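Chemist: Spelled out, the chains give:
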Amino acid sequence: MNGRRMLTTAGRVLAQLRHDPRSIALMLVAPSLLVGLFAWLFSDQEGVFDRFGGAILALFPFIVMFLITSITTLRERRSGTLERLMTTPLEKADFILGYALAFGVMALLQAVITVSFAVGVCGLDVEGPLWQLGLVAIVDALLGTALGLLASAFAQTEFQAVQFMPLLVFPQIILGGLFMPRDQMPDVLYAISDWLPLSYAIDTINAVTAGEEGWDVFGPLLIVVAFAVGALVLASLTLRRRTR
Amino acid sequence: MMNNSAVDITRLRVDRGGTRVFDGVDLTIPRGQITGLLGPSGCGKTTLMRAIVGVQKISAGEVTVLGQPGGSRQLRHRVAYGTQGAAVYGDLSVRQNLAYFAALLKAPKADVDRVIAEVGLGPQAGQLVDSLSGGQASRVSLAMALIGSPELVVLDEPTVGLDPVLRVELWELFRGLADRGVTMLVSSHVMDEALRCDRLLLLREGRIIADTTPAALLDDTGTADPEAAFLALIERDRAAERPEDGPTRRSRRETRGHGGQR
Chain A
1 MNGRRMLTTA
11 GRVLAQLRHD
21 PRSIALMLVA
31 PSLLVGLFAW
41 LFSDQEGVFD
51 RFGGAILALF
61 PFIVMFLITS
71 ITTLRERRSG
81 TLERLMTTPL
91 EKADFILGYA
101 LAFGVMALLQ
111 AVITVSFAVG
121 VCGLDVEGPL
131 WQLGLVAIVD
141 ALLGTALGLL
151 ASAFAQTEFQ
161 AVQFMPLLVF
171 PQIILGGLFM
181 PRDQMPDVLY
191 AISDWLPLSY
201 AIDTINAVTA
211 GEEGWDVFGP
221 LLIVVAFAVG
231 ALVLASLTLR
241 RRTR
Chain B
245 MMNNSAVDIT
255 RLRVDRGGTR
265 VFDGVDLTIP
275 RGQITGLLGP
285 SGCGKTTLMR
295 AIVGVQKISA
305 GEVTVLGQPG
315 GSRQLRHRVA
325 YGTQGAAVYG
335 DLSVRQNLAY
345 FAALLKAPKA
355 DVDRVIAEVG
365 LGPQAGQLVD
375 SLSGGQASRV
385 SLAMALIGSP
395 ELVVLDEPTV
405 GLDPVLRVEL
415 WELFRGLADR
425 GVTMLVSSHV
435 MDEALRCDRL
445 LLLREGRIIA
455 DTTPAALLDD
465 TGTADPEAAF
475 LALIERDRAA
485 ERPEDGPTRR
495 SRRETRGHGG
505 QR
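Chains A and B supply the protein sequences, listed in that same order.
Using this note's numbering, you'd call the opening residue of the first sequence number 1 and step up by one each time.
Using this note's numbering, you'd call the opening residue of the second sequence number 245 and step up by one each time.
Any given hint might turn out to be false.
[What the hints assert, rightly or not] Pairwise CB distance ranges, derived in the manner of DEER restraints:
no., chain 1, residue 1, chain 2, residue 2, range
1, B, L372, A, Q160, 24 to 30 Å
2, B, E479, A, G230, 43 to 49 Å
3, B, L372, A, E212, 47 to 53 Å
4, B, R257, A, V229, 35 to 41 Å
5, B, A476, A, G230, 55 to 61 Å
6, B, R275, A, I113, 44 to 50 Å
7, A, E212, B, R260, 17 to 23 Å
8, A, T243, B, E479, 53 to 59 Å
9, A, V162, B, L372, 21 to 27 Å
10, B, G311, A, Q160, 38 to 44 Å
11, A, Q156, B, A468, 28 to 34 Å
12, A, Q160, B, G262, 55 to 61 Å
In case anyone wonders, no lab produced these hints; they're calculated from the structure.
No experiment lies behind these values; they were computed from the predicted model shown.
Cβ coordinates follow ideal geometry from the N, Cα and C atoms, glycine included.
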C-alpha cells in the first residue's frame, strides 16, 4: 500500500465527479428530498416519523453509494483504464481505498446535509448526539461503496450492475427492521436478518435516536464496519492484474 | 544474448475464451530498436502485447522483460503500455489524465507538459477528453504511455485514425525515443509504417511467420511496397499449411514448436 497513490486516486475520482455537477447535486440533495417526503407523509401521525425517520437516514447513503461505486468501477474495468492502471505501480489496495476514500468524503457531505435537514427542517426527534447519526450514515455509505466494488466484479455490463441493486439491497431493507421490528419476524427470517449488515445499521440508528449509549450504539456499528472491511477485502481479491 | 534483449519469450501458450491464441511462440525483441508488430486483425497482436506488459494470463511458457519475469512489480516503472483505443478518463481534462498517471509513476511534473507537446495537444490541454475527437483522444492515450522514463514502450495501434501528417510526426517521436535507447514495440496494420521500423514481426493466426527487417522483407518477397510483401508472406504461409506442398522451412518450424509443447 502507498498512501500517496491512494490519495492521488481519491483525488482523481473526485475530480471526475467535479465535472459532473448534476450527479453531485443529486447525491447531496436527493436524500433530503426523500426524507422530507417521508416526514410530510406522516405529518398528521404523531411520533411515526420519529420512529422511522432515523432508519431512512441509514438507507440512502447505502443505496446511493452502492449504485455510484458499482457503475464507476465497472466503467473503469470496461474502458481499459483499469487494465492500464494494473501496468503501473498502483497497488490494488490503493485503488480500492482511493475509491472508498473519495466516496467517503461525498458520504460525509451527504450525511451532514441529510441529518441537518431531517432534524432541523423535518423535526426528527433524536435523543442521542447528532454526530453519531452522521457517523452511522458515513459507515453505511462505506458499506455501500464496498459492496458496490464487489458487485462490479460480477457484472459485465452497467445494466447488470444496476440489477444487482434490488438483489443485494432490497432484501436487506425488507428484513432490516424498518417495516417490522426484527424480533417479531418469523424465526427463519430473523436468523437471516442477523447476517445482513443493514440490520445492524438500522439497530445503531434506533439506538442513537432512543438515546442509548456505549456498546448499544457502537456494538452494532462495529459489525457494520466489519462487513464493510470484509467486502473491501473480497473486492480487492476480485481485482486481478492478469485477466484472460 | 539474454542481457541484450528487451523481451524474451519462450514457448508462450495463451488461451482466451476457449481458443488457443498462442501455442508455443518463441520470440526475442532487441533493446533500443523499434520493432513493428504486424498482422491481420485477430492474429494475436494485442494478446502478445498484453502478455509482455503482464496483464494477460498465460497458460504456459516464459515471458522475460528487461531481465525480469513479465509483469513483475519492478517492471511497473520501466514498462509503459498504450492500449488499443483510448483507455483514458473521458470526464477528466487532458492535463488531469496525464497528471494522474504522472503522480502514480512519480514522474516529474514537467513530464505532463512535455508529453502534451509531443503528441501535439497543447491547445486542448484543458479540455475534457470527452469533448475531443477520436484521434485526439487516442493521442491522450498515447501520451500517457510516454510519461516517466520507461525503458520499454509497448504501443497497440497508436496511429489508428490519425492523419498522415500527425502519423509522420509520431513516428519521428518514436525514432527519437529509440535513439535515446528506449525499446519500442509498436503494432500497426498500416503497412507503410512497417518501413519505419528497425525490425518486423509478422504474426498470423498466433504464429510468428516472419522475423525480419524492412529491407530483407522487400528483398525476400521481391516486391517494392510493404503491403504487397506482407500479402506475399501470408500467401506463402497459407500454402505451407497444405501438406501436399511438401515441408517448407516455416511448416517445419511450426512442427518443431508443437513438438516442444508436448
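Chemist: Taking 24 to 30 Å as the stated bounds, is the beta-carbon spacing between B:L372 and A:Q160 within them?
Modeler: The hint (24 to 30 Å, Cβ to Cβ) holds, given that B:L372 and A:Q160 are roughly 27 Å apart.
Chemist: Does 21 to 27 Å hold as the CB distance between A:V162 and B:L372, or does it fail?
Modeler: 25 Å, holds
Chemist: If I claimed the Cβ atoms of B:R275 and A:I113 lie 44 to 50 Å apart, would that claim hold in this structure?
Modeler: Between B:R275 and A:I113, where Cβ atoms are some 57 Å apart, the hint is violated.
Chemist: Mind checking the hinted window 47 to 53 Å against the Cβ distance between B:L372 and A:E212?
Modeler: 49 Å, holds
Chemist: Would you say the C-beta atoms of A:E212 and B:R260 sit inside 17 to 23 Å of each other?
Modeler: 56 Å, violated
Chemist: So does B:E479 sit 43 to 49 Å from A:G230, Cβ to Cβ?
Modeler: Once the Cβ atoms are compared, 58 Å apart, the range 43 to 49 Å for A:G230 and B:E479 is violated.
Chemist: Between A:T243 and B:E479, does the C-beta distance stay in 53 to 59 Å?
Modeler: 35 Å, violated
Chemist: Would you say the C-beta atoms of A:Q156 and B:A468 sit inside 28 to 34 Å of each other?
Modeler: Given range 28 to 34 Å: violated, Cβ gap about 47 Å.
Chemist: Return holds or violated for the Cβ distance of A:Q160 and B:G262 against the range 55 to 61 Å.
Modeler: The hint (55 to 61 Å, Cβ to Cβ) is violated, given that A:Q160 and B:G262 are roughly 22 Å apart.
Chemist: Return holds or violated for the Cβ distance of B:A476 and A:G230 against the range 55 to 61 Å.
Modeler: 60 Å, holds
Chemist: Using the C-beta atoms of B:R257 and A:V229, is the stated range 35 to 41 Å upheld?
Modeler: 39 Å, holds
Chemist: Could you check the hint for me, namely that B:G311 and A:Q160 are 38 to 44 Å apart, CB to CB?
Modeler: 42 Å, holds
In summary, the numbered hints that this structure violates are 2, 6, 7, 8, 11, 12.
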